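S.K.: These protein sequences, in sequence, are chains A and B. So the first sequence is numbered by my numbering: it starts at 1 and just counts up by one. So the second sequence is numbered by my numbering: it starts at 1 and just counts up by one.
No wet-lab data here; the hints were simulated from the structure. Note that the coordinates shown come from a computational prediction; the quantities given were computed from them, not determined experimentally. Mixed in with the good hints there might be a few duds.
[Stated by the list, open to error] Here are the simulated lysine to any residue pairs, SDA-like style, with alpha carbons at most 25 Å apart:
1. Lys13(B) x Gly40(A)
2. Lys55(B) x Gln2(A)
3. Lys71(B) x Thr93(A)
4. Lys18(B) x Arg68(B)
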Amino acid sequence: GQNIDQPTEMTATEGAIVQINCTYQTSGFNGLFWYQQHAGEAPTFLSYNVLDGLEEKGRFSSFLSRSKGYSYLLLKELQMKDSASYLCAADNTDKLIFGTGTKLQVFP
Amino acid sequence: DVKVTQSSRYLVKRTGEKVFLECVQDMDHENMFWYRQDPGLGLRLIYFSYDVKMKEKGDIPEGYSVSREKKERFSLILESASTNQTSMYLCASRHARDTGELFFGEGSRLTVL
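Here chain B stands alone, though its shape is the one from the complex:
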């Protein structure tokens, strides 16, 4: 069974803290993505990556960075968390550059106080 695993389902952090959200996929997918999902705004793309050590900005990259040191792992980093980053974060992956279903992780619900 294919799987995208996010390290934490629920996190509570304080303003200014550094936050790491980890995502691992076991499908040997080249492409990985980080979205955030907010009521009324849908899924918005933060960053994506086509290959190890490669990263591309999505639609809302401000306040975030990413790391892809290994093919199976894509990390989202909040250098200094702020309350407006309270959200559901979804990691996803898929095989080829321009075809194929996107597989999602279970999501990480982050609350920043």
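Next comes chain A alone, as it looks inside the complex:
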């Protein structure tokens, strides 16, 4: 079967670091996407990991372990505008399979 798991909700404080985990199980796997979605808006691309390891892009980093079927998104120096849903998606050759998303709330 195909399954993407991520926590439903998380909270954090402005300036802090938060890690959002994602585990996946899919038939066929090319890589792992992370998208950000603010309420009422379309998802926007954050990162795409194909190889194992950490990829850093400013305040956001994403990690992939293909052997463990595991990824995480790391957000540093949190800002209020980072309050959003974060969607993990496995690239299954033909299509992307999305998790249910993690709603992150950042408090002052």
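Position chain B against the provided structure of chain A, taking the given hints into account.
M.R.: What follows is chain B alone, placed relative to chain A:
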């Protein structure tokens, strides 16, 4: 600036009506997708298409059909709308078959009464 445009942001329809949701992309992408997004269920794939006149069923195709007469346009059709099709519908596109970022439209929020 790359763009995926959905024709309607908000629609209200009655049960049994035929509904057309249009999506146009200006990036010459081969692949186009229709998802619906519901609270607690995430994005679920309805249909996708690799090329003009080609279509593939996603995970939840029942009650929907699609049309891809031109490369840039992918339409989602609800032949007879039902209340359980009230949802946010997101169109997306991307270039190659197995790589590349997925670009999303703004979404169409459909309410079926």
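S.K.: Determine for every hint whether it applies to the structure shown.
M.R.: Here is how each hint holds up against the structure:
1. Lys13(B) x Gly40(A): 20 Å, holds
2. Lys55(B) x Gln2(A): 21 Å, holds
3. Lys71(B) x Thr93(A): Answer holds: Lys71(B) to Thr93(A) is near 20 Å, not above 25 Å.
4. Lys18(B) x Arg68(B): Cα-Cα ~18 Å, so holds.
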